[in-house]
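Participant: From first to last, the protein sequence lines stand for chains A and B.
With my numbering, the residue at position 537 of the first sequence is 537, and numbering never jumps.
With my numbering, the residue at position 175 of the second sequence is 175, and numbering never jumps.
By construction, these hints were calculated from the structure, which means they are not laboratory data.
Careful: at least some of the hints might be erroneous.
[What the hints assert, rightly or not] Only pairs whose alpha carbons sit at most 16 Å apart, straight line, appear in this in silico EDC-like list of lysine to aspartate or glutamate:
id	chain 1	residue 1	chain 2	residue 2
1	A	K435	A	E411
2	B	K160	A	D303
3	B	K160	A	E302
4	B	K142	B	E222
5	A	K409	A	E425
6	A	K508	A	D488
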Amino acid sequence: MSIDRSLPELPIRETLRGKHVLVTGFTGFLGKVLVAMLLERVPEIGRITLLARGKKTQPAAARVRHLFERSPGLRNLRDRHGDRLGELLASRVDVVAGDVRDPLCGIDPRVVDRLGASLDCVIHVAGLTDFEPDPVEGIAVNVRGALHAADLAARTRGRRLLHVSTSFVAGNVSGHVPETLEPGLSANGTRFSPRDELASMESLCDATSRRFPDAVEAKKARIERGTLRAQALGWPNLYTYTKALAEHLVAMRGDVETTFVRPAIVECARELPFAGWNEGVNTSGPLVWLVGTVHRRMPFAEDHCFDVVPVDSVARGTILALAELLRGEQARVYQLASGDTNRFTFGRAVDLTSLVRRREYARSDDPFERLVLRHLDSVVHDRGADEDPWLPAAKKLTRGVRDLFSSFKAEHHLPTSVRERWGAEITKFAQKQAKEWGSASRTIGQVAEMLRMYQPFVFDNDLELDTSHVRRATERLGPEERALFGWDLASLDWRDYWMNVHVPGLDKWSLPILRGERIPDDPIFALGTELPELTAASHDRTEPRRVRAHGTTDEASPEASPDAE
Amino acid sequence: MTSEGQAGPVRRAAFFRLEGVMHPAAAWQGAAYLASNAASMRKRLFGLGRAAFSGALRGVSLAGAGLAGAESTRLACEVLEGFSRDRLEVLGEDYARDVLLAEVREEAVRLVEGARRDGYLTVLLAESIAPVADAFARLLAKDGPAFDVVLANRLELDAKHHATGALLEPVVGPEIDPRRLRELAEEQQIDLARSRAYGHARADLVLLGLVGQPCAIEPDRELARVARDLDWPIVRTAKPFEASPVTSLDTLDHDEGASL
């Protein structure tokens with residue numbers, strides 16, 4: 001790609017020089033990479049304020065500090081700056097406690113006043129990414145949270161908001177998806193009032209909660225009813241519905257300059273913090289896991305676009321949008337996707353994943369993997385999950401076998417002579433088998449459920465997301481900054497990325513979570529200094545509240561929290 | 001031969017057949033390996049059947065039934081119909097690493113090294129498909145000598161990057177097409193009269209006959225007879241599939257070497 005001389009240059013570093021931004025969702029997957037990229041590649045930036053929720057046992061600053069000390073997602077900063085990282089962070093980063101579910105993101109109004117005097121932009125990354133969240137939480141985090149971020153931005157010097165959404169607000173459509181947003185026009189073309197819709201959904205949730213005294217039943221009913229409402233407007237699930245509703249409501253405001261960044265399927269990093277890094281279980285994790293099992297027929301549409309975007313590419317695109325926003329040259333919407341310039345399909349993903357597994361299993365010590373699984377390449381079924389007869393049958397079969405073993409009683413099923421001699425061993429064997437077949441049955445059930453949830457994205461819809469705006473911004477970059485921030489997916493070698501970066505990355509950072517294992521933090525790294533936390537008590541940044549380090553204890557993996565976009 | 005003042009062939013080349021010289025396996029065996037690793041079971045069964053038929057046809061062809069060798073190459077590659085480019089590349093690399101390189105003829109590798117040392121352009125001629133031959137050359141170059149040029153068969157791909165099963169022309173068959181070799185020599189400015197070639201079977205006679213310094217490596221009976229008659233050097237190993245001393249390599253002196 002060459003520089004387009006007809007467009008004004010976009011100097012990223014110069015634009016961000018001395019600027020003050022507030023980032024929500026730093027503790028999530030994208031948030032960490034975005035902040036790490038800003039700190040590493042834009043040393044000119046003035047200050048980054050990180051909004052984080054404090055916990056009873058861990059104030060917000062300690063939580064953020066722990067991430068800088070231990071998170072693999074920030075490893076590049078530790079490697080690059082070593083002992084001087086604490087100094088860098090103290091001069092560039094501060095923390096403010098808050099929660100996007102609360103008005104003004106839960107920040108003390110006195111702190112908001114102080115922050116507002118210097119803040120140039122609020123970057124709202126926080127969000128719930130569950131496909132089927134409880135709508136009460138989905139509305140509170142994804143919709144109200146975005147509105148609270150906009151309220152906060154409106155009280156700042158810059159009055160700018162960069163809102164990270166998702167490309168799948170496009171809803172149940174196929175074909176070309178332009179980078180547009182028309183408030184009040186739903187995904188299926190229905191005219192609606194976003195404000196009334198929010199009020200209706202909240203009252204629906206209230207009414208459902210009152211009707212079902214049992215909390216679990218009430219949640220289930222809220223999800224069912226909320227999903228029906230989302231689908232009536234053309235969105236496949238509550239996740240896309242809440243993200244879209246937030247876009248519509250924020251876009252209707254006139255008091256904030258807003259740009260919407262819509263990443264597609266955010267997956268393993270290409271280079272930053274390091275190749276293959278991932279966090280939590282994202283969209284492709286369960287699909288990749290499924291290909292490694294005995295289940296062969298994947299209910300995907302072979303030729304449909306699997307719009308994967310590495311997380312560090314999303315960070316690049318977000319910084320491009322931020323720079324244009326800060327210069328007042330922004331587009332309304334930036335879609336960050338790969339399909340329009342370098343299409344990757346589900347058929348190809350299944351084929352490449354099978355080839356990775358084949359190589360792994362060929363070297364396995366486990367004879368079942370080496371002799372059986374190795375040769376069971378997955379193939380695309382080209383049918384929806386609801387038409388797949390195999391999983392329900394397999395679930396029924398495994399459950400039947402489990403029941404058979406569970407019902408085994410030595411005193412009923414074995415003759416006395418056998419029972420006396422081997423009864424204990426046989427009973428033990430039967431109990432073990434019952435447990436294993438039960439576990440297999442549960443896993444198959446989870447997979448079937450997962451495929452049902454994914455069906456709109458892997459089978460029904462085939463989106464081709466337009467990325468003209470981010471590509472145009474890239475054309476405005478000089479050669480040096482293009483290497484650091486340019487939108488770079490047209491040249492991505494999918495085979496190399498998928499086989500050598502993505503699947504190994506998922507194997508290390510995501511799939512263990514599916515198996516109930518925990519991803520360890522990096523070894524302890526002492527920052528040597530505390531991160532400043534902005535509080536009402538601290539009058540200015542030279543007198544921040546100091547928080548004791550919390551670097552020696554482990555922290556739970558990123559939870560399904562408002563921080564985890 | 002060129003007239004004075006005109007740019008003429010200036011490079012010497014050493015031609016190595018992948019099948020037979022670098023490794024004993026035939027091209028159809030590679031196709032069978034790939035076919036046996038097709039994504040679907042149905043394709044595996046059909047592919048293996050067709051690969052076996054292709055091997056049998058090759059046998060008939062060699063027995064002198066008059067069937068064109070390139071047809072058996074085409075038939076062998078038809079089993080790859082429907083293979084994605086990814087699968088061809090990945091399995092081609094697996095086959096090159098796990099099968100070809102694992103049992104590469106060490107003597108042939110030493111000859112490639114020697115040719116490079118002597119300033120020859122090294123050319124790998126493969127009846128196998130390009131993903132196999134390219135991967136073999138690439139992997140060999142990691143710890144050993146590199147080939148400057150790889151000439152292999154290329155599969156036709158459809159719009160979805162799946163193999164149609166057809167080979168793109170010109171097809172590299174068991175016998176090297178003299179016209180194709182002369183074209184290559186012209187492209188690369190190779191002087192065939194000052195070049196070397198290494199062959200293994202009767203089908204390589206055309207290739208060996210075109211260069212100034214032919215050599216037979218582990219020749220079959222027919223090639224061995226011709227080589228003896230024409231006083232070509234013959235390389236034999238004690239153990240064909242393992243690194244071992246070469247009994248007749250010491251007698252090879254290509255610079256003064258034998259020629260037709």
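Participant: Please list, smallest to largest, the hint numbers that this structure does not respect.
Facilitator: Result: hints 1, 4, 6 break, sorted rising.
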